[in-house]
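Chain by chain, the residues run as shown.
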Amino acid sequence: ELKVEQNPLFLSMQEGKNYTIYCNYSTTSDRLYWYRQDPGKSLESLFVLLSNGAVKQEGRLMASLDTKARLSTLHITAAVHDLSATYFCAVESGATNKLIFGTGTLLAVQP
Amino acid sequence: EPEVTQTPSHQVTQMGQEVILRCVPISNHLYFYWYRQILGQKVEFLVSFYNNEISEKSEIFDDQFSVERPDGSNFTLKIRSTKLEDSAMYFCASSGDRYAGELFFGEGSRLTVL
Numbered sequence: 816e817l818k819v820e821q822n823p824l825f826l827s828m829q830e831g832k833n834y835t836i837y838c839n840y841s842t843t844s845d846r847l848y849w850y851r852q853d854p855g856k857s858l859e860s861l862f863v864l865l866s867n868g869a870v871k872q873e874g875r876l877m878a879s880l881d882t883k884a885r886l887s888t889l890h891i892t893a894a895v896h897d898l899s900a901t902y903f904c905a906v907e908s909g910a911t912n913k914l915i916f917g918t919g920t921l922l923a924v925q926p
Numbered sequence: 090e091p092e093v094t095q096t097p098s099h100q101v102t103q104m105g106q107e108v109i110l111r112c113v114p115i116s117n118h119l120y121f122y123w124y125r126q127i128l129g130q131k132v133e134f135l136v137s138f139y140n141n142e143i144s145e146k147s148e149i150f151d152d153q154f155s156v157e158r159p160d161g162s163n164f165t166l167k168i169r170s171t172k173l174e175d176s177a178m179y180f181c182a183s184s185g186d187r188y189a190g191e192l193f194f195g196e197g198s199r200l201t202v203l
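Residue numbers (our numbering), protein chains in the order written: chain B, 816 to 926; chain F, 90 to 203.
Don't take each hint at face value.
Said to hold, decoys possible - Derived SDA-like pairs (lysine to any residue); straight-line CA-CA distance at most 20 angstroms:
| no. | chain 1 | residue 1 | chain 2 | residue 2 |
| --- | --- | --- | --- | --- |
| 1 | B | 856 | F | 91 |
| 2 | F | 146 | B | 900 |
| 3 | F | 131 | B | 829 |
| 4 | B | 818 | F | 105 |
| 5 | F | 131 | B | 883 |
| 6 | F | 131 | B | 816 |
| 7 | B | 856 | F | 129 |
| 8 | B | 856 | F | 99 |
| 9 | F | 146 | B | 911 |
| 10 | F | 131 | B | 893 |
Stated by the list, open to error - Covered stretches of chain B (chain F as the covering partner; in silico rule of three or more C-beta atoms under 8 angstroms from a C-beta of chain F):
| no. | region |
| --- | --- |
| 11 | 858 to 864 |
| 12 | 901 to 909 |
| 13 | 914 to 922 |
Derived by calculation from the structure, the hints in this document are not laboratory data.
By construction, the Cβ of each residue, glycine as well, lies at the ideal position given by its N, Cα and C atoms.
Based on the provided sequences and hints, a complete structural model is requested.
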C-alpha cells in the first residue's frame with residue numbers, strides 16, 4: 816500500500832524567507848499533485864508533476880519531482896502572508912489512479 | 090472553465106438518518122471519485138467509479154456507503170445510516186482519461202452529524 820509522508824507538519828515562517836516542504840512516497844507512481852487548501856475550503860490544484868526531473872513554477876512556489884528518490888519538494892521563495900494555508904501533496908496509486916494524500920503542511924507566514 | 094459542482098454545500102443531519110450528497114462531474118469525464126476529509130486531517134480516498142460500477146473502494150467505504158450515477162450527469166454518494174464519525178467534508182472528483190487526465194475536485198459538501 817502506497818504511503819505518502821510530508822514534512823514538516825507545521826511551518827511558521829517570516830515574510831521574505833525561503834523554505835521547502837518535502838513529500839516522500841513509498842512506491843512508484845506516474846503522477847504527483849500539490850494542492851493548497853484554505854480553512855474550510857476545497858483543494859486548489861497548484862502543480863501536476865508527471866516525470867522525473869519535472870520542475871514547475873508559479874509565482875513564489877516551485878515544485879520538483881525526483882521519481883528515483885520518490886521525493887517531491889515545494890519550495891517557497893520570499894514568503895508573503897497570502898501564502899498562509901495548508902499544502903498537501905498527493906500521489907496517484909493503483910489501477911484507478913486514486914490519490915493518496917500526505918498529511919499536509921500548515922504554513923503560517925508571519926508579517 | 091468546466092468545473093465539478095457539489096450539492097449541498099453543508100448538510101446537518103441527525104445520527105441514523107440517510108444522507109445523499111450530489112455531484113455533477115465535468116461533462117466529458119469518465120472517472121469519478123469520492124474523498125473524505127475529517128476536520129483537521131488529511132484527505133482520504135473513499136471510492137472510484139467507472140463505466141457505471143465501482144472500480145475500487147477503501148476500507149472506509151463499508152456497507153453504509155453507496156454510489157450511483159442515476160442519470161448520466163449526477164454522481165451521488167449515499168450514507169445509509171449516518172454516525173457521528175461520518176462528520177467530514179466530502180469531495181467529489183472527476184477525470185477524463187485514466188492515463189493522461191488530471192483530477193478535478195469539487196468545492197466539497199460539509200456533513201455534520203449530530
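Results of checking the hints against the structure:
A threshold of 20 angstroms between alpha carbons decides the hint, and for residue 856/B with residue 91/F the separation of about 19 angstroms falls inside it, so the pair holds. With a C-alpha separation of about 29 angstroms, the suggested pair residue 146/F and residue 900/B falls outside the 20 angstroms cut-off, and the hint is violated. Distance check on the hinted pair: residue 131/F and residue 829/B sit about 25 angstroms apart at the alpha-carbon level, beyond 20 angstroms; violated. Of the supplied pair hints, the one linking residue 818/B and residue 105/F is violated, its CA atoms being roughly 33 angstroms apart against a limit of 20 angstroms.
As the CA atoms of residue 131/F and residue 883/B are separated by approximately 25 angstroms, the hinted pair breaks the 20 angstroms bound. Simply put, residue 131/F and residue 816/B have alpha-carbon atoms about 17 angstroms apart, close enough for the 20 angstroms limit, and the pair holds. Taking the CA atoms of residue 856/B and residue 129/F, the gap is near 12 angstroms; set against the 20 angstroms cutoff, the hint holds. Of the supplied pair hints, the one linking residue 856/B and residue 99/F holds, its CA atoms being roughly 12 angstroms apart against a limit of 20 angstroms.
A distance of roughly 10 angstroms separates the Cα atoms of residue 146/F and residue 911/B; the hinted pair therefore holds under the 20 angstroms criterion. Taken as a hint, the residue 131/F and residue 893/B pair is broken in the structure, with Cα atoms around 27 angstroms apart against an allowance of 20 angstroms. Check on the region 858 to 864 of chain B: 3 of its residues sit with their Cβ under 8 angstroms from a Cβ of chain F, so the three-residue criterion for coverage holds. For the region 901 to 909 of chain B, the stated coverage by chain F holds: 3 residues have a C-beta nearer than 8 angstroms to a C-beta of that chain, and at least 3 were required.
For the region 914 to 922 of chain B, the assignment as covered by chain F holds, since 6 residues bring a beta-carbon within under 8 angstroms of that chain's beta-carbons and 3 suffice.
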